[in-house]
Structures are given as structure tokens and as C-alpha cells.
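A.B. asks: So the sequence lines, in the order shown, correspond to chains A and B.
As numbered in the working numbering, residues 1 to 440 make up the first sequence, in order.
As numbered in the working numbering, residues 441 to 880 make up the second sequence, in order.
Any given hint might turn out to be false.
Stated by the list, open to error - No more than 25 Å apart at the CA atoms, straight line, and that leaves these computed lysine to aspartate or glutamate pairs for DMTMM-like:
1. A:Lys65 to A:Glu122
2. A:Lys128 to B:Glu639
3. A:Lys163 to B:Glu639
4. B:Lys631 to A:Glu298
5. A:Lys65 to A:Glu112
6. A:Lys128 to B:Asp522
7. B:Lys568 to A:Glu360
These are calculated hints, taken from the structure and not from any lab test.
Number of protein chains: 2
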Amino acid sequence: MSGVLDESWTWKSWVEAANVAGCGFPLQNLPFCAFRMSDQQPHLGVGIGDRILDLHAASRIGLLKRLPKEVRFACRATYLNDLMECGDAGVARLRRALMAMLAEGADETQKEAVHRSLRAMEGTVFCKPVAIGDYTDFYASIHHATNVGRLFRPDQPLMPNYKWVPIGYHGRASSIVVSGTPVVRPQGQRKLPSAEAPEFGPSRQLDYELELGAYVGEGNALGYPIAIDDAERRIFGYSLVNDWSARDVQAWEYQPLGPFLGKNFATTVSPWVVTSEALAPFRVEMAARAEGDPRPLEYLAATDVQHAGISVQVEVWLSSEAMRAKGMEAVRLCAANARDLYWSFAQMVAHHTSNGCNLETGDLLASGTISGPGDGSRGCLLEMTRRGAEPVRLPTGEVRSFLEDGDEVTLRAFCEREGLPRIGFGECQGRIVPARLPTG
Amino acid sequence: MSGVLDESWTWKSWVEAANVAGCGFPLQNLPFCAFRMSDQQPHLGVGIGDRILDLHAASRIGLLKRLPKEVRFACRATYLNDLMECGDAGVARLRRALMAMLAEGADETQKEAVHRSLRAMEGTVFCKPVAIGDYTDFYASIHHATNVGRLFRPDQPLMPNYKWVPIGYHGRASSIVVSGTPVVRPQGQRKLPSAEAPEFGPSRQLDYELELGAYVGEGNALGYPIAIDDAERRIFGYSLVNDWSARDVQAWEYQPLGPFLGKNFATTVSPWVVTSEALAPFRVEMAARAEGDPRPLEYLAATDVQHAGISVQVEVWLSSEAMRAKGMEAVRLCAANARDLYWSFAQMVAHHTSNGCNLETGDLLASGTISGPGDGSRGCLLEMTRRGAEPVRLPTGEVRSFLEDGDEVTLRAFCEREGLPRIGFGECQGRIVPARLPTG
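Chain A with its partners taken away, still in its complex shape (with noise of 0.2 Å):
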């Protein structure tokens, strides 16, 4: 966490596409994945330029025989809970492992066999890195939590218990998909504000929400909380999320215990987990408190708040059916940085235990949706067109108040820092494809 860099940091692999500029995916990054090769098992492996080094097969024929068994025997699993649980320290050595491996200047002989394990990126079919217990979703952007308050209450858009209380509600671990699964247009009960009574049908405000998520490495016991300073070693790594909602149908729904059939009907995530270590050196304190907010109560106020945030800029995209059609490129409609939120993830983990709650190997803790202050920067639809009130105009001449069907999202996400690598997480995609009828 500290920022300082080590001499790896200034390695290039013998993977060229790794050591190309803005690429991603360099020698220091290798972040984790699964995905599947015909009718196999899915195996694990590690994004390096524009392949996947195959965990699996590498395991297999021996290439990682210096490391402990149990990290050997994780990375033939078919997600990488096993590998989270063999902590810090096997990550870090099966990390050191490969970056040798594929480094420039590796063993010649070697290399051979590691050439063996490579697969092309293109074309992947990826799966659900990681088997999610139990998903978390909090609220950590205030200017999300703003922007989204002013809609509803002009006079008080922020809660009062925002700046003490790193709000979040418990998510749907069933209904998480990984990237490039179309999202259904779900159906569900919605009210005008002029209709006396709701109907059922197709969500009308169907959105999408830009998220980081942090995956759990190390939980802790029923009723044993993890201190704050001990949170932020507890998250193996980070992912890009979708928290699909629908609008219309969380307005109605959501008074008096909050979101529920608006947002269960699907969540994407990337298919790459970035670990913390490849993130270290793009800690920064974070930006969003201000002069005069409160302290944060003890139980949240880490020692190093030089290092809590991470600057990631994240990104959303959008490509319509008819824009796909022209040969139009997907249009940027959102671009903001995670350090802009109010609580960091070490909050996060710290808030959700200090009752006694239990964290697994494997839960997923969503930041909320990321906007920044300005105006490019709103990481929803609800926000952007202050709920369809100032629709979007897309290339082709389309608008936009909330998704159409056959409409892709996109984000994105990467750490820049001038002299090092460009670390990236890779895509989280979703088509919506129309509503279908309850079946008989």
C-alpha cells in the first residue's frame, strides 16, 4: 500500500502485445480469470497482452512445482475461490512465479512449455471468476448519492446519515453473470404517479450502474469484526460491476426495505479480478470529503489515509442496435474515477463486519454506482438524464432517457500513472435483449 515501487515494476515480457503502450494487460497487472475451451471444465488463468496464460495446463505439466501444493491444486479449480484462500502470501508467490515466467529474459527452456499454456485472449469464452456467497452493494459515491437525492427530495438530497454510515443493502448472489451475457428486459410492477393502480410489464426505466467491486480473500468469523487496519489485506481484488436496475420498478417497490425485484434480475461482472498488489501503485488519498465533514467514527478511521482511495478512471459505452448496424463505434457516455468516492473499500469491509457479520472467501462488495462532480461524469442513466428529463442523444439521432432494447453497455476501467504500465480491468459488457412472458 505504500506506493513504493519495486524493480518489477520496470520489466517487459516476452508476450509482446504485453509491453505495448495503453495495452492493459502488462507483465504487472496479470489478473485472474476463468473461461472454458470447447466442452471443458473451466480452467483459471492470467490476462498477459493479448493472451491467457492457461493456470490449469500450467499446473498440470509441472511449470509451478516450486510453489506450495495448495496453491498448485487451486489453480486447477474451477474458480479461483481455492486461490483466495491461500492468502496474501500464495498469491503473492504464485504471482512472482508467473511474472518470472513470462518476463523477458525467462528460462529458455522454460519458456517452451509456458508458450504451451498461452491461449489467444480473442475470442475467449469467459465464465464467472469467482463462486459469490453473498454480494453487497453499497452507496459510496456521494455525488451519486446526491445527484440520485436531489431528484426525489431538491430541499435535503443528502441523508443525514450519509457522511457517518457507509450505506449499502444486501444484493443477489444467484443472478451475478459475467460478462457478455445478454441481460433480459425484466418484467415487473410499476405505478405512474397518475395511474390509480400499478401493472405488470416490461420495466419502461431499465439502467445500468458503474461499479467497482471488491472480491473478499480472507473472511472473518461470526461475531469477530476486522478492524480497519486490517481491511484493506482482506481484498484479494477488483472488478468492474453492473448493477442493472430498473427504475420504474424500484420506485415502486422500494419503500420501506429498499431495492429488490428493481435489481436482482441480473449483475455483471468482469471477467478479470486485478489484484490489490497490481493496483499498489495507484493508491491515493481519496478526494471526495470535504473541510468540515465529520470525522469518521474510530471503527473507520484507517491510519494511512495518504494511500485509502485507488485512482481508477471508470467508464461507461454505449452501442445501439442501430448504431451497430451503421458501423458506428460505441459512444463514451460517462468517465469518472473511483478515488471520488465518499468511502473506501477498507470502510467498507470494516462497516460490514463491525457488527459481527461474517465476510467468506469470495463475497463481492460493490462501491454503488461512481459518479464524479461534473457533469460527464454521472456513472447512471437516472443521473444523466435527471430521470429522463434530459434524454441523451446517441449518433445516429436516437435518444436516450433510459435503455432500449438490443442497446450494449459497456465499461471500463484502468490505473494511469506517468512511467509505469497502464493497468487495466478489462471490459463488463451487457445487451439488453426484450422482456419475455412468465411461462404457463
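Mind docking chain B on chain A? Use the hints.
C.D. replies: Quick look at chain B alone, frame taken from chain A:
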């Protein structure tokens, strides 16, 4: 679901305790559980009288050899999930076979082998019977919703959506524990109305919630809703659920995303899962829907409204440390009936999946606090004491606004009908232990 009784409802068991009036575990119940003997893996079992039939042992010694292989193997698992995946027909066959071997007049040679598979129920260490992927808590009691609403919004106790939407939210699966597990008093943020800032410390308003839970047997694929008339058969069975709540934490945190740390420190389930089959004679029309209430929307409108509810008496019993020291029995704080819920479990299933959300085998759907129309039927202390304004007096002279350390809460439930043996749910019990400080 028809309420027509087959002849087996007149049978008796050669396990004599099963035939005692009011026992709750007659031949017709055979609820499932998981239990542990010494340091073995948990075994699955069924309750009969004062005994548990060890399904693992029964399977091993060939007692189940006429059953399909997947059912036999499922009986050797450590959770009920595999059995739940065998479907209605598989479970019904297992129950027939068990009934036949436990009934009076059972084959004498087999009886000895069965006898060897029986364990004493007393002193048994129970385990969580089901691996619960996702846990959803509803708010299905209109009496509870009205009583609680009245405390906060005297003018409009019931939200406008209540009679249209089966309100629910996602709970925390990881912190679900089995009956008998101590409950550590949670710490958390709470703010007195008169205070300028919140403070962090042990909850001063710890409460229980009296609930029934339904375990999902056959789930649905993402994007494919379960139709209302297909919903009941997706429920494998029912249990008692105590959704412990820290009301002070909840009050401060719940806007705008609902309950979170006020709930997720612990949820207790009973060890026993009573099958839908055993409850068939107790199906009734639900009682809470009033003349003039809106007709449920089509996707929530069951064809057979006569049997949409279950007549289950549910109760809360409390003993304090001082009561136990004086040898006093627990006192009953509440007796309510699940037929007084506004929404049926089938409606919860249909609603939950109406947007395409996928339920998975083993998921738990709980009713929310069950309260009846009368004063003696309030299912939590918040309601019963009017948020502490009218404390309850215990036989020792102690008073309770909320739970104190050492208090032991026991939920009980049973079904009764003239001429039939009582079907019991066993107990769902937890004792409050003092808060722990965060680890350093």
C-alpha cells in the same frame, strides 16, 4: 394441496413416543434435519417421536436400496440440498419408504436394522440443515407492517404499495446459524434523536422476529419466472426463522437502501425442515385480505385460493438469566398464526421470480415477522412494547423493552386439526451473549 387425507394419516409408529398426543413428531411429519455425532461429518436424519432416524446409516446398511440411486446418495450428504434436487417425486418416495419402515406392522426383520439407525433426539447437536445460497426476507404480515408503520407514521401506517407488492429484501446468507448458536450482541452506529452525532457501541435495542421460512426445492433458470400456480410445488419445506434485529442500528442506517447491519449479524433457523407434504392437511384460505382490498395482479393470483395459506401456530417464548437461576420456565410472549399473513409463500415465489430472478435449490424465503390482529400476537418486541414505551414484565419482576444479555428466545410452531396428530416444527432457540470489542 387438496386437503384430502390419504389413509396414512391414521397410521401409528412402533416408535411409541411418536404416538403420544401433542408430540409433534408423529409418523406423518418425519421432518428432515442434519446432526453431528462426536467428530463425524454431519448426517442427515428425520425426526420420529423422541428419536432421529439416521439417513446416512440407513442408506449405508441398505435400508433404502429400493430407492433411486440419486435419493440414496443424497441421504449420505451433509446438507439436504442434494435431496431437495431429487424433486417432489423422489422425496415423496423416500418419505413413503421411511413411513413404511417406521409404521406399526412394519416388516420385523427390517425393523431391527431400522432400530440400529435410530438415535436419541435429546442431547443431539444439530447442524444447519441446508446450504443456503441466497436468503430473502419478506414483509408478508400486514398486521406487523401496520403495527410497525404506526410507530413511525401514525397518519399512514401502511405504505401505498403494501397491498400490491409482496415487499421483501435480500438478507445475509453467511450469518444464518442453527438453533442453539449463541447470538453475540452486535455493535453498531446509533444516534439518539437528541444527539448531534451518532456513536458506536453495543446495540441497546436488540429484538427477535418470529418468522416462518420456506426452502426452495426446484429452482428456475435466470430469466424464466415461476408461474403462481407452479410456485407451491417449488417449496421443499418449512422451518422457523428468527431474524434478530438491532432496532437502534436499523433506525439510523436504513434510509434509503433498507436494513443492513441492523439485521445481518445473525439469523437463526430451526434444525427441522417440515415438508410441504406433511403440511397438506393444514392448508387454509388466508385470513388477512379484507373486503375491498385490490385483487392481486394476474401474476400473483392463484387459482386455488382455498389452500393458499397454512394454519401454523407460531409462538415466542422468553427466559431471562434470573428466571433460569430461579428455576422458572420460559414465558410465552406471543402466539400468532401464519394464516394471518397477507401474502402466501407461493405469491412470494412468483413475485421473487417475476422479473426473471433465479431461485436456487436451498434458497431460503422467510415471511418476515408474523403478527396477528390481537395484542397477544405481536411477533417482535418493537411492536409488543411500542418501541420500548410499554415494557413487558417478566415473572421475576424484571422488565424488558428490548433483549438483555442472557435472555434466551425460543420460537415454536405446530399445526393442529381435529382428529389428526399434531405436526411440530421443533424449536428455534438463541441466547444473547455480551458484545465483543473489535479485534486490534
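A.B. asks: A separate judgement is required for each hint: does it hold in the structure or not?
C.D. replies: Tested hints:
no., hint, in the structure
1, A:Lys65 to A:Glu122, "violated, 29 Å"
2, A:Lys128 to B:Glu639, "violated, 40 Å"
3, A:Lys163 to B:Glu639, "holds, 13 Å"
4, B:Lys631 to A:Glu298, "holds, 15 Å"
5, A:Lys65 to A:Glu112, "holds, 16 Å"
6, A:Lys128 to B:Asp522, "holds, 23 Å"
7, B:Lys568 to A:Glu360, "holds, 17 Å"
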